[in-house]
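Enquirer: The chain contents come next:
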Amino acid sequence: MGPTADALLALRSEVSPDGHCVDLEPAANGKPVVEGLADDNEGSGALRNACLLQVVAALLFIPQAGLLAVAVGNIVAGANWRGVVWLALGLVVIGALRAGLDAAGMRLAFLKARKALSELRERAITALAQRSPLDVTRPASGLAASVITEQAEAILPYLARFRPTRLKATLIPLAILASIFPFSWLAAFVLLLAAPLIPLFMALIGWGAKAASEKQLIEMGSMNGFLLDRLRGMTTIRAFDAVDMTARRLRADAQSLQLRTMAVLRIAFLSSAVLELFAALGVAMVAVYIGFHYLGQLPFGAWGGRLGLSEGLFILLLAPAFFEPLRELSAVWHDRAAGEAALAALQQLADNGVALLGTNDVAGSLVDESKGVSVKVEALSFSHAGNDAEVLHNIDLEAKPGERVAILGPSGSGKSTLLALVAGLSPHARGRITVADHVLSESTAQQLRARMIWIGQKPHIFAGSLFDNISLGRPEVKTNRTRAALALASLEHVAEAHGNRQIGEGGSGLSGGEILRLALARAAAGTHKDLVLADEPTTHLDTATAQEITEGLFEIARGKTLIVATHDPVLAARMDRIVVLSPRSAREAA
Amino acid sequence: MGILRAFRPIVAIFYTERRFMLIAGALLAAVTVLAGIALLGLSGWFITATAVAGLSSMTALAFDVFAPAASIRFLALLRTASRYGERLATHDATLGVLAGLREQLFRSWSRPQSARLLIQRPSRLLFRLTADIDALDSLYLRVLVPAGVAIVTAFAVTVTLGLMHPLLGLVAGFWLVAAGLGIPLLAARFASAPSRRRAHALEALRSRTIDLVAGQTDLVMTGRLAAQKLAVASAERRAAAADDQLNWVEVFASAGFGFASAILLGGTMLALAALSDGGAISGPVAALGVLVALAALEPFAALRRGAVELGRTVLAARRIAPGLAVTCPALPGAVPRDGLALRLAHVSVTHDGAPLPCLRDLSMNVEHGERVALIGPSGAGKSTLLALIAQELTPVSGQIETLRAALLTQKTELFQDTLRDNLRLAAPKADDNELGHALRQAGLDTLVASLPLGLGTRLGEGGLGLSGGQARRLALARLFLRNSPLWLLDEPTEGLDGTTARDVLQRLGASLQGHAVVIATHIRREAELADRIIILDHGRIVAVLRRGEKEFATALSALRPD
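Protein chains in written order, with this note's numbering: chain A, 1 to 590; chain B, 1 to 562.
Just chain B, with the same shape it has in the complex (with noise of 0.2 Å):
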């Protein structure tokens, strides 16, 4: 059963994170179902014997109302309360299932080569992600909720009429379970290769659209604008051959439920118009048993959407899963002897699927307070090198030993959140003061005494609401408040205009000393920092010069001058 195993690791988060919640949940869907069920069994008993009963006026004044009229009262606000109280238990359940599922996501997400995949394909995969979620979220509320009420209903009806005759009880248990079940697993197993294609499509149909708009020029002036627009109405009619056949598949279930309703309600009237008619059975309680299978397929009927929407929940399942088994567990670098920050000896990293290495068999060392600067042309390895050092990503071969380091990305990272708590990444325990010093030497404390929430002030998605030169003077104050022995910095000043830049680099620079630096750039200014250039070359070191030597100028001048 490929589905079952794809669902364990899901289905255990559900357990683990709220147990009691799930199965109360499914408990009251229960009761609120088979109290209706019963509201009407019994009303219909109720009449039928009131009306045999009132026939005569001996009988009439002599038949107990109390019971069954109070029965029906309660049977009536019972419904309404664990109705009530199966909403507020399902959807408490789906949320705690939401948070600890987030979790487990992120932390699943946060191994070296993940985030590596993170940077390669952010939006797509993102938006795979939430989408696989929200499919994921139906899981409990239309797969697993539904079958368990359907499952207790089935044996409720067995039950009830049972008693009537054993044998009716049996045949219509079969029959609910036969088609109650049958039609949403015939529908789930029908559905699952169209809601597959589904998503599928919709994916298409998602980066054609962005390939459409964020590429328009580019299209235009060379013809192609036409065929995108075909491309995206590819995908589109793809996906509407999809919703097609999904609805197909709903369509016929829904009518298979129609069908096996009528027949179960057709054949047990037979049976008990039989029973009562050779007397096994009183008139009410006959009635009572057919406003029983009329009611009796109806939860049933809960499980199509979810049954048709399986396919994607198998598919979020599967894609999402595997992830989740995985704990990740702190891989302890090796340390460089005394004196070293880093040393690499014989590296060579390979991207995935790449034929060829991009950094091959390079070895070099950096002593503790050095500065060094990797210049190259660009795509020599410069930032896979950084990467590597900062261990996001894994040799193929060769030795790698470095002292924890601090990394600056070329893309400033910020986050939505309070400039406290952007700060406090890098120092958990950082108090106002410190942070103030580090704002102060990042030369960013105007502006947050300038604001009226000061620290508190929140931003938005990826640092929105600071332009590009405060954010890297945040990130930069990040970095400070890491009191890391080795930093890590990626064209630190790329983007910003000149004067900022320089301010930036002068600040960066008083606050070098005790810490060794390795800074990628092709910025001039940049490389001035550095005691040691090391110039890369189709992943290879190709010169390493150090101050004072000539060359060392030669390769300065070389570099863009602003």
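So that you can see chain A by itself, here it is in the shape it has in the complex (with noise of 0.2 Å):
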């Protein structure tokens, strides 16, 4: 995310009216998302000992300030200056000390920040990968994609930077009243007065802008998304030769977006103006009262005794400091809005939902493999979680081994459902799936998928190469065997054109008929292979091209069982046997 973004988002704490930058209050919402991720004591405790580590370099700070104020009051008071050797000594071991231990703290919170992320994105992950996809609430890909990737990436700087800051915004103000109190209780009441008065100020200058500004931060977000938009249809731009009128619109949109911008974030930044005012004045006043103080002008104060000039710069010293962690908090203040979405935007991710049959890997073969595979699906009936309706009510289907059989319906009567439960792609609720003499179930679903071929009618393109495309990287489909399975689906001269590039994302580049013999050559490439099942492979197709991949699909699933389901009547025609599917029945046809 841009420094832009950063600011919007700083903009929209800031005007909230709890965006208040003393937050008194160190439990936060959205905190039990980050304890119960790690659970473990020894992962706290690394961040507490973080925000301690930072807290005690910042508290470092009040020897240092004593140290100069002693030294520069030596130097008026006229001593030899090599008497404020040792003082500029301490100064520069308590400065060294205090750098090292902001470092080391920075680098503890950064190492336990780091660690909850990956973890969080792994449970994202894998929860993700177990996900059923016939479970309709699961995460469209893009979504999950942005959530993983950039949105996640706000969990870091929430966790390793606002929490150690809040910590010292809590602390550090009150340790410096304590170390200012005893020598004047005016100055020490002075900074007490200006600080609650902050959040004060800020809060009331933001009711004002935050309705406005918040329309203002999903406008500003959808600049880049004005932006991708035409980018995605450049062609129709071109072709209607709107590039100079797209061009100027977006520029004028632009434009009037950064007027009304500019139209809040002149109220908006009043909030960190009252900040810097109250800071500085602060400061100011200090020093003013000192001063008259010892011009005798103002001889209260200071408990009825008279500041030395050393007290009177140790003071003065603390009095910017007073307000340091304050300006700080409310630098890193977005990163907790940012953060928590974030947090809670992968927690939502990794939610269970419905999963996939057998997702542990099990090794090992667990069905004969001299025999065939057959299928036998009993009373099977299939509703969405979530949604009484069945899209399967009492299924009666089976295949012998080497048998043939097509699965016709019209669109929406559950052919695609039922192939995808043959496949253990989900649970059903009832009823009872056989393949090769094993019930379908958690412990047998992984073992028995690794005899079957699937052959979806969108078939996925990965991120590589045809090549990379056909073998998937298993380790048994070797170079020779990718090589037979572009010949079988006739993709050579595809190969020939596209040579080792990538494939465009989405298979574009290739054509609907050439990305289903895609999925034919990654089905062929498999080895060990009983049981093909093909959901509408020759949907959308021209006649030539559904003919060859029909000869295609033939050739992969010679000598074994398969199972197609279609609505193609060709297709249907040339199986052993046809089941017809009509909602919510299905019967013997031939």
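Mimicking EDC-like on lysine to aspartate or glutamate, the simulated pairs with C-alpha atoms at most 16 Å apart in a straight line are:
(1) K376(A) <-> E403(A)
(2) K429(B) <-> D241(A)
(3) K115(A) <-> D244(B)
(4) K429(B) <-> D244(A)
(5) K560(A) <-> D576(A)
(6) K550(B) <-> E528(B)
(7) K229(B) <-> E122(A)
(8) K400(A) <-> E378(A)
(9) K229(B) <-> E119(A)
(10) K376(A) <-> D396(A)
(11) K376(A) <-> D437(A)
(12) K400(A) <-> D437(A)
No wet-lab data here; the hints were simulated from the structure.
With the hints as a guide, bring the two chains together.
Expert: As structure tokens, then:
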């Protein structure tokens, strides 16, 4: 995320009424997510240590200020410069110690936060991998990718920076007040008075700008959206000679957005100006008070006595340090909003939902390979989670080893769902599926799938070359096997045309027929397969290509059991048997 | 200096867009920092001076409190005001640059070859583009402004301490520049490789996550789900390793500033003590010097984040800048001789990086008002031929002469905009009457009339909110608005149900009068519009059939019925 977006997020937090800068409440919402994530005490202890180290580093400024004040007092008193050497050395040593402790704290906080980010990402990935494709609430790939990749990045600064800063903002001002108070109750009182006024003023100003700025933030985010939207349709824009018009429109929109945003920012930045003003005035008032105190015009405020020069300087040095953690906190405030939103989004991805059958890798073969694979579906019913309407009702189906069965039916009759259930892509509530005499279940699904070939109607094109897309990195698929599969699917000319280049994302650059041929090649490359499940392989294809795909499919299925879901009568007619699936029932036709 | 070269076009945009605001923002930032240092320094001087004066009542009465006290209050207000002004100016500048950069980028991507790239890898490339734009944003706010402020601060501190003793000023100034700029430069250097690795790792994480989720079924069925999970995890590990290195750089830079600051403070203190001891400066002046030294390195620390991100910013500049430098010349296409709408002579087209051409030595003519259907197995080159005629592609050899063509793309391309502006893309000057007429022709008038906002209704991303058939009709209405002599239609009714498709085709047929049309298709109902069928295979024309010939009917009947 760039600083513009940062600034706008900062703006949102600055102007929100709860966006005050002194959050003395250490328990923020969203905390349980992280705490629950790393239940190991060692882990959360590491974050506490990191915070404490940074707090101690910040506290070291108090003795540093003391040394500095004493040194200047000595210089003014006309001390020999050699008398200051030890004080200067002390300053350097404490300064170095401060730098070292702060660095160690930053490092620890980072390590802890980065580990949490990795764990959260891994959890989301694991959940997504197990989520059944038939689960309608399964997040889309684009959303999942942007949450896991970009949005999740906000967690790192939130955990690594925001929390230590918040702890500092809570403890340091108190410690500084406690250090000033013994010397001058009045100076402490001035600072104490200024501090709570800051959030009050910021909230007051914030309320006015909040509604407008949130709207603005959304529009701002749509700037990239607008550009991307137009880039996606570049062919059409060029075809209509509208490049110049669209470019001018892009600029005009951005400029009007700029005008409106600036109008909001003028008010919103007032809140940070207030913080700045109080910090500056706090220092100025302390300085002026001490000056007048020395001149005898304000003799009170120092417990009846009179402040020495070093004491006055000490108070003056601590005054800006009193406000510094508050300013730091306001600078990282938006990390909280973004971080908590990211935590929630990742958490949502990690929700389990409906899982695939058999997600654990089980090695070894379950089935006797010399026999073919039979499929038996008995009284199968299925409905999507959270929806009572049954997609399949009381379905029976049988395919003997080597048999070719077509499931014919209009769209919406549940053909594809039935195939997916046979492949164990989702658990089913009622009924029984038996593959090669083994009941399909959580414990058997993975091994039974090892003998199946799946040809879907929309095969996914992976990032990689044509060859990668056929082998899919399967160790058993060697180069010669890939070449043979390529030939079987008559994809050689595509391989020639594409070479080793990446295929366009989503298969652009490949025609619909070529994508299906790729699916065939992918299927043909597998070894030890006895059951072919094909889901509407010839939809949306021209007659000649459909014919070729059908031939390829039969070639792959030679000697294997084949079940095809289709509404193509030409394809169905070539099968041994047709099962007609009408909505909510299945009956034998031939 | 490769870095400077990469940034030059970007900085040029910054400069032409918002020169005044950019400079004003940097100046105000410098004023803010200087006022802060001066406030602390002057306060220290004031306290010390009053403490010295307050020792006797005589001097206490004679002490002029008014000027310093007023100056302190003035500096406090100045710092607040300049901070406010700085934030406004820098944000105004950034927003302005944002507008200019996006416009320039859009123009740079409107070249024919770029459009093809966009089509080939849309989301990854677009993701990279937005990530790059965001990374470039930080150039001004996190690099240019803090660097300017740091240099001004170094100068001011040098002068202030130099007035006390020239050598002290020079040494302190040298230390500030050496440490204050040296640490960020070193940090930028060490961060450059990991920040690029991080950007690449995140891209891999993104594309592998998409493959895992969208390709899940294929992965499960080939037993590769676990392997893909490992691949995602390995991208995350790479990102984590890069993050770790970047964090080390940041930690070292942060500690480096701490050490440098402590040494500057201790050194200045000793020097001022010696000067004061020798009577060269007064006690209050020494106090001022110490406090200035205390605050001097703080502005440099603001460079830390920009320095760590610099590698990413350079990467973004390198990827974006080359396109920005090139302006897009309008190519005046050759016009065919009278009576022809299109003439191709011995044209070959090869996709970038492909070893073999996808159109080979192809020649064809299309006459005014003629209707031609391109058919052939998928992958034969139909869409490539249309892209060539639309001048999306340039041939590697051969001649192309064409009247201005309007292309109806295979995938309906609509925009996140009002219906009116979606239509006016084709005819910027058209009024609502003309738009209404085109909508009637396309059979969309009743739908638009039923919408509460009518033509002012906004569509979602990519035309979201319309059904496939409605979107197609809208694209058709847009084509009708374009009075182009040559229409190129790429599978105009693919994906529509039979009834809708026939209605769309019927309306299209009714409007064809006076336009030459080339339709790429594999559906019978679409090819039936044509007077002539051209059959492509492997990038060559294998047959040309005219209506009335026996083969014409045979070719039609071989196409997909519906």
